[in-house]
Amino acid sequence: MSKVGLSIACLFILATLLYLPGFLAEEPVITPDQDVLAITPSYKARNL
Numbered sequence: 005m006s007k008v009g010l011s012i013a014c015l016f017i018l019a020t021l022l023y024l025p026g027f028l029a030e031e032p033v034i035t036p037d038q039d040v041l042a043i044t045p046s047y048k049a050r051n052l
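This note's numbering applies: residue 5 is where the sequence shown begins, and numbers increase by one.
Wrong hints could be hidden among the right ones.
[Unchecked claim] Okay, the calculated beta carbon distance ranges per label pair: (1) 11 - 31: 31 to 41 Å; (2) 7 - 32: 41 to 51 Å; (3) 6 - 46: 58 to 68 Å; (4) 49 - 25: 51 to 61 Å.
It is worth saying that the hints were derived from the structure and are not from the lab.
Just so we're clear, the structure is a prediction, and the values are computed from it rather than from any experiment.
All residues carry an ideal CB built from backbone N, CA and C; glycine is no exception.
Working from the sequences, and respecting the hints, build out all of it.
As structure tokens, then:
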């Protein structure tokens, strides 16, 4: 295998190893209360 091919393979493996923990992490569970709070503004607009 040439040095270029070996370098590309090493970069691919390194990128995969760095991406893997984020890919395997569980997504946080959002309860309905949190979802409603996320779309409810905490202010009231004036002069509309």
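Practice prompt. Would you pick out the hints that fail for this structure and give their numbers low to high?
Written response: 4
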